[in-house]
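Whole structure, please, built from the sequences with the hints as guidance.
Just so you know, we're using numbering that gives the first Met the number 0 here: the sequence shown kicks off at 0 and counts up by one.
Since the hints were derived computationally from the structure, they do not count as laboratory data.
Since this is a predicted model, take the numbers as computed values, not measurements.
There could be a bad hint or two in this list.
Here are the simulated DMTMM-like cross-link-like pairs (lysine to aspartate or glutamate), alpha carbons at most 25 Å apart as the crow flies [claimed, not checked]: (1) Lys-52 to Asp-34; (2) Lys-104 to Glu-59; (3) Lys-104 to Asp-43; (4) Lys-29 to Asp-9; (5) Lys-52 to Asp-101; (6) Lys-104 to Glu-23; (7) Lys-52 to Glu-147; (8) Lys-52 to Asp-9; (9) Lys-52 to Glu-80.
Taking CB as the label site, the calculated pair distances span [unchecked claim]: (10) Glu-120 to Arg-41: 31 to 41 Å; (11) Pro-171 to Ala-71: 42 to 52 Å; (12) Leu-7 to Gly-166: 37 to 47 Å.
The beta carbon of each residue, even a glycine, is placed where N, CA and C say it ideally should be.
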Amino acid sequence: MENTSEVLRDLQSWYAAQCDGDWEHQHGIKINTLDNPGWSVRIDLNQTILRNKPFDPVSEGIPGGGEEDEAATWWSCRVVEQEFQGHCDPGSLTQILRVFLDWAKSGPRWWLTTPADIEDEEERLRAAWASLTEGAGPEPCAEEGCTEPRVTYGVLCRAHHWQMLHGGRPYPFLNEER
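Right, dumping it as structure tokens:
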């Protein structure tokens with residue numbers, strides 16, 4: 000049996016670590032009920048270390064459980080457009096929160112990790128790249144001829160911002176990221 004107190008403590012730790020005076024005003028965690036019945040969880044990953052972390056959708060059971068068994072266990076989790084989404088039956092809320100936390104904890108110092116904290120050079124470069132959030136607004140990159148969206152709180156796109164920060168060197172894994 001899952002320890003609900005531990006799951007809530009870990010979720011609270013992750014949330015508190017994201018709060019920086021800005022993030023919590025635009026982003027956060029939403030837990031709602033469903034009418035079939037069940038739960039819906041949405042966790043905004045924008046401006047977090049998880050925003051570009053790969054996540055393979057997972058699920059169990061069939062929503063609604065079928066006519067013969069309305070109490071069947073079911074849940075599903077996925078990431079769509081930098082948002083973790085979980086849906087489940089009334090008794091599986093802890094399960095979908097655990098799926099999120101296990102995924103979030105799969106990195107070092109899971110709730111506080113920043114690119115500078117990562118010792119492995121390749122992993123640190125990939126995390127630094129992921130921290131450059133594109134699509135902050137409709138404005139394009141300020142580099143002449145570039146039409147890519149600018150990064151959050153910047154005037155350049157991801158690639159040009161990276162080059163500016165790294166002495167003109169391009170991001171080494173750009174071809175893999177596309």
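Hint-by-hint comparison with the structure:
For the given pair, Lys-52 sits about 31 Å from Asp-34 by alpha-carbon distance, which is inconsistent with the 25 Å threshold. Taken as a hint, the Lys-104 and Glu-59 pair is honoured in the structure, with Cα atoms around 21 Å apart against an allowance of 25 Å. Distance check on the hinted pair: Lys-104 and Asp-43 sit about 16 Å apart at the alpha-carbon level, within 25 Å; holds. Between Lys-29 and Asp-9, the direct Cα distance comes to roughly 16 Å. Compliance with the 25 Å bound is thereby established for this hinted pair.
Straight-line distance between C-alpha atoms of Lys-52 and Asp-101 comes to about 13 Å, which keeps the hinted pair within the 25 Å bound. Under the criterion of a C-alpha separation no larger than 25 Å, the hint pairing Lys-104 with Glu-23 is consistent with the structure, at around 20 Å. At roughly 21 Å between alpha-carbon atoms, Lys-52 and Glu-147 fall within 25 Å of each other, so this suggested pair holds. A threshold of 25 Å between alpha carbons decides the hint, and for Lys-52 with Asp-9 the separation of about 19 Å falls inside it, so the pair holds.
For the hint pairing Lys-52 with Glu-80, the CA-to-CA distance comes to about 11 Å; that is within 25 Å, so the pair holds. Look at Glu-120 against Arg-41: about 34 Å separates their beta carbons, and that is inside 31 to 41 Å. Range check, Pro-171 to Ala-71: Cβ separation about 48 Å, and the 42 to 52 Å hint holds. Separation of Leu-7 from Gly-166 is about 45 Å and conforms to the stated range, judged on CB atoms against 37 to 47 Å.
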